[in-house]
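Chemist: Required output: the full structure, derived from the provided sequences and hints.
Residue numbers (the numbering used here), protein chains in the order written: chain X, 38 to 429; chain A, 872 to 1188; chain B, 2 to 219.
These are calculated hints, taken from the structure and not from any lab test. These numbers were taken from a predicted model, which means no experiment stands behind them. Keep in mind that a hint or two might mislead.
What the hints assert, rightly or not - Only part of the chain X face toward chain B is listed, based on derived beta-carbon distances under 8 Å: (1) F346; (2) T358; (3) K382; (4) S389.
All residues carry an ideal CB built from backbone N, CA and C; glycine is no exception.
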Amino acid sequence: MKDSLYLAWRYLAYHRIKTAILITSITLIVFLPVGLRVLVNQSADQLTARAEATPLLVGAKGSPLELVLNSLYFESDIPETMRYAEAIRLDTMGLAQPIPLYVRFTARGYPIVGTTLEYFAFRGLEVASGTSLTMLGDCVLGARVAEQLGVEAGGTVVSSPESVFDIAGVYPLKMSVAGVLAFSDSPDDHAIFVDVKTAWVIEGLVHGHVDLSQAGATTGVLRRDSSVITANASVVQFQEITTDNIDSFHFHGNLSTYPITAIIAVPPDQRSEAILRGRYESPDELSQIVVPVSVMDELLDTILTVQTFVIAAVVVVGLSTLATAILVFLLSLRLRRREIETMVKIGGSRGSIAWVMTSEIVAVLLMGVLLATALTLLTSQFGSSAIRTLIF
Amino acid sequence: MIERQRAWSRGSCLVTVAGLGALLACGGGEPRERPAVSERGTPVVYTVNYPLQYFAQRIAGDVVQVVFPAPDDEDPAFWQPEADVVAQYQAADLILLNGAGYAKWTSRVSLPAAKLVNTSAALEDALLRVEGTVTHAHGPGGEHAHEGIAFTTWLDPTQAIRQAAAIREAFAAAWPEHAATFEQGFAGLEADLTALDEQLAVAVAPSSARPMLASHPVYQYLERRFGLSVQSVQWEPAEHPSGGMWRDFRRLLSEHPARWMLWEAEPLAETAARLRELSVEPIVFDQCGDVPAEGDYLSVMRSNAERVARAYGRGES
Amino acid sequence: MITVEALEFRYAEGDFFLKIPTLQIDRGETVAFIGPSGSGKTTLLNLIAGIALPRAGRIATGDVELTSLDDGSRRNFRIRNIGLVFQEFELLEYLSVLDNILLPYRINPSMRLDGAVRERARRLAAGVDIGDKVDRYATKLSQGEKQRVAVCRALLPQPRLLLADEPTGNLDPNNKGRVLDILFDYASRTGATLITVTHDHDLIDRYGRVVDFREFHA
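Modeler: In structure tokens, the structure reads:
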């Protein structure tokens, strides 16, 4: 037995390339369907967990999926915006705690999530270093963002213009990093959080400039009537909010007309939830209320259907690969007929010779399966975050 | 967390996401006090001006610790607290806002919406616009106006009572076990403010319709409540008005023949003397937005009323 | 002593037929099987080794009747008592020289591979001048060296009977003599019987006896 194993090992080691190819094939045959399944299930669990942790989502009428993906995972296209008035209205109803979200801008490839302090408490996000959002222009980085950008509390992050040609509209804002969140293993790790008002600053709705009514402010002033002072575009648009200029930041018009992309509604009980959902049923309603978990379930159903097909295909490919592997083995047995004959002639026992051959197959299969298991474990450990980056 | 949920679930319009008002502000400075926030048991409430602190403390008695952290040398209306003070506000159990665009800084920081109480929310429709608005056009917003709202709402004692009522409601919702205490505290305060209202009414009674002047446009609600006719300039009590300012003043006086001028603080003696030469009697009427050097909100307001009564008496004689 | 009596053999296919009325080879004899191709030399070697079984007749080695043993017993008998050397060496490419020599001890559980055996294998290798090459793959050696490895493999179990099927057929004259020297030396030292199938007629006078297979077809 031990000697048979030794001979098998010597054979596999000598034909290491052939062995490696066989092991790789077996690994893939086992890993592809199993790993894919683990990955999809895990991603599905994560997506669902996030959706389950978000009771209700209010947004402008449109694609519920887009609304959910944007609001929960900060991915997909920007949904239709709605007015901040909707958040005030929701608060006035007293049926749920509203947490506004304005997920539209990005900074160095990461989504900027405009929200309120309630968001952190709602998601259970802890500040690992620095402080939470305090002043206008502050931002708090998700753990992964801080890690990737190498920025710590006290540093700065500049928002990206919406397009290269966006000259008159969105000015990049240099945001100061108030703090960095602890890892939460959620999309929050990959986001930059700002006060919704700071998001409006990025959009140019809230801005700061020198006081035009002051005598010194003559450069940018085109015309000065009794009460209307017309200023040209050279009026300094601050690109950074500092203690020196924060006083000059002001809101244009009525806050309730400012845009947001969604509101997370947190009802205190099921009754409030039912009433609230009823309120949004009206056909005249401009907003929609969605239950994220239902939306995600629908998406996941689709993904699971696709997954079944993919796995079926993978299994078919796997079986044919397995057939090829068996063929390779049988062929190699033919090639080794003389070797077997020699062993028989010398006086090798039937059992020992059979064991040598069996050990080789078993060893290849075993190593393939072990590798596949290791890969599957790795996948379950690290795959889900990777797939989230890949899927969205 | 529990505290937070309880705070918002009272769900009235008192809790307003629109703690984000609209006005201007400025300044910095060292905060006066930095108490340890919310040792469990004694809730801590932060306010944006002294009147609210006074009202809240009268209503809450010992049940709640009420903090107004603005430094002495700052006008709380135009104060901009530093980040560490903002953090204290964030950590408070409730934050009392004056509303009406007062303390513009609150819209330039992140405050927990569920803890915000806009005490003048019920007065929304009664708020007055400020004249002298600057309109300008730049950026994607097109032409826009920096118009303001008169924010010294408490100068009308009846409005002050409604703000105090809002505080009582917010407190009762947050700490229902102390509702009776709040009710009792509010009743006392309401009585005092009603008396003040009467005292002021009596003080201006002799010539309420007569034209008056003010060193700053901050007396709108007083004017409306007591049927005064006030025109304002922009004079600082501690500064000498320039020649041009006096010229404008005389022009104003010819159109608006006032015999009294309200000052938020004692004007320079020279200014006062020159005013008297023009037959204008300066009256110090402290808005009491910040903590007074002596006495409390009520004593300051009573003194204001007494000074008005005295001046009116002198003016009549 | 090897006794062959009334032996008849034919393959399942083809018209080859071998018939040997009687043949006796004494212990310690050195015998050369000669004759034309297809005359049955290798077949008889296989029959003596118990690799093939006759249709009729008996074959005995000493007092062991090979024809009456089952397959397993014949293998066990063979691996302990018979050393086989082939014309094509039949070394395993994936084993080192030493592992090739030790092969009989690895493919039959009745053999025990221990330190003494390993030591003997090394000595054998050193004795035929490949002691410094025991860790190399056998395929890396020259033809002469390969056959010496094959001879060592055959000698390691210390057989009483050596069967060599044209052991020098693929070697140059130099190596031919060398390999035969080793075989003859072993036979004379241990008193083992040596039977060699050969076509090298210039070397047959080294053998004590020559069996010409033409006589079985006369």
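Chemist: Of all the hints numbered above, which does this structure not satisfy? Sort the numbers upward.
Modeler: 1, 2
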